[in-house]
Amino acid sequence: MYCRVSILLRKQFVSVLILCVGLVFSFTPARAADPAAGKAIFQANCASCHNVQKKLTGPALKGVEDRWPDKQLLHKWIKNSAGVIASGDAYANALYKEYNGTAMPAFPTLSEADIDNILAFVDAESNKVPAAPGGGGGTTTAAKSEDSGSSSLIFGVITLILAVVAVILMQINSNLNKLAAEKEGVDHPEPVPFYKNKAYIALGIMILFMIGGYFTIQGAIGLGRTQDYMPEQPIFYSHKVHAGTNQISCLYCHSGAEKSKHAMIPSENVCMNCHKAITEYTGEDLYTAEGKKVNGTAEIQKLFDKVGWDPKAGKYVKAGEPIEWTKIHNLPDHVYFNHSQHIVAGKVQCQTCHGNIQEMDEVHQHADLSMGWCVNCHRTTKVQFVENDYYKIFEKLHKDIESGHIDSVTVEMVGGTECQKCHY
Amino acid sequence: MKRTSNILIAAALTGGSFLAACSKDHRKPGKHYVPDMVDSRAYEFYNKTVANMKPVEGTVKRGEILPYTLRAEDTAQANLVKNPLTLNATDLEEGKRLFNIYCAVCHGSKLDGNGPLYKDGNGPYPAAPPSFIAGKLTGYSEGRIFHVATYGYNVMGSYASQLDREQRWKVAAYIKSVQNGGAAPAAAAPAADSTAAATPAAEAAPAAPAVTK
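Chains A and B, in that order, give the protein sequences. Once you know that position 69 of the first sequence is 69 in our numbering, the rest is easy, because the numbers rise by one and skip nothing. Once you know that position 55 of the second sequence is 55 in our numbering, the rest is easy, because the numbers rise by one and skip nothing.
Calculated from the structure, these hints are not laboratory results. Every residue, glycine too, gets a C-beta built ideally from N, C-alpha and C. Only true hints are included.
These stretches of chain B come out as covered by chain A in the derived footprint (C-beta under 8 angstroms, 3 or more residues): (1) 91-103; (2) 121-132.
Which stretches of chain B does chain A cover? Using the computed rule of at least three CB atoms under 8 angstroms from a CB of chain A, they are: (3) 25-39; (4) 154-161.
Excised from the complex, chain A in its bound form (with noise of 0.2 angstroms):
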């Protein structure tokens, strides 16, 4: 009897052991979900179409566990979809459908897991609070002008510090004069003020007809040229952030400057590339040229508005329509230009002629285009004249650097200054 007891008690003992193992171990992978490990799978398998806060091709994973009716299913779910669907499940079958049958691809590869390192990571994730659109103080670049202004001011005092000087030594000059002749007894006439003096009158508008000569001819050079022009555009669109930051490249916006006349300003669908994804701004803050704080998060929904782009949504909810920014680069039309011919066969870089366009929040015209600033650059840049099919008629240049004549060929030998290649 007592035996059999004991047999049963140790049995017993036996099976609640295994049950505890098991329980242990049915919990460990639970309690060791690892969000770091979960990040990785995350972005690997699960980042292309998800984000945690923002809707993409997927919806936000931000609570996705206290959507999921169990997480038996949600698990079921990562790991083939379609099924999920076939089976009829009410929640899968909405989520389908809102997303316009687009179907999640099935992750047989995951093992349980894997998802639950997932889903910690989406919720450590979740808890953050996303970064505050252009947080951060940045310090304004208004007092980059006054630089370049002190050292000519410095110079305009000394000179004007040096004038009073000399006319204080040439009035005591000419009193010391004065002293002297009296004492002498010379007969001394009364001296002309200095303002009806013919001497000084004459300097004077000989002075200001200078002065004013040298703003006139400046003035009158500088008609039609806009140098230095930046307007306000219908977006502020910093060039900085997007060339300068994001390092994207100039031809990706403008690409007609490879081949045509025109760099070309992108239609929206350019924008759009990017913009789908990216719906708000949380870069350094951004600061008019008149120091006025920009809202970068409300000039990217001026796009959306432009556009018809509902971000929320996730379409396009109405008919767009063209942003109509202000030209800065005018060539007159009896000027011919042609981008593609500089940047492909002359190689010549943007910034040559544009300048730093990637340290400039709002673009201005750097160069004056004018004609001998084209002149200048045609007389000094050399083109690529060897191993050039485009440059093969030239048989006599080409000669002269066979014979060491000349060791290069600039532009205007090839005809760079000619009336003709840009007036016709």
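Given the structure of chain A, go ahead and fit chain B onto it with the hints provided.
Same frame as chain A, now just chain B:
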């Protein structure tokens, strides 16, 4: 004496007005002298009636390869499309250059899906661009890569407005050559076969609209 002081006053006023003219407003373009020959009447792409206009449907530029007729959803057929161009090493180099301009900003210049816009999730782009050298995209055919560049896929937009058909094929061939470990592109089709791209579509979907993509 009165005359000279009048001259003085006049000169001072003129000088002052010239000096006042120095302070330039950079928000305004400034003055033009007889602008008749400056502003073009036919202001090319800024003209409201021609801005953002597409070419007439089915337009083929002289010397250009024939339009791509598959539709966005024809992915299965896109897998079978062969590159109609005969490409050499120079063309692959050009494909690389174009990839680095138009694709590398997201997909990375190493094709690893980690371009400056993503930067391991620290860049402004919220979605991870897929890698070309690992995972699903290694199984994509050249035709499928061309198809995705033409129509876009998921959050990626269409690149048909920035890259013409020839350039897209060069980029696709470059990606494939990197995936194959820098090997030459798969047996180049003969030049006479330049209509090959259009053929499968014409057979499979005769009613497919000829979209100039």
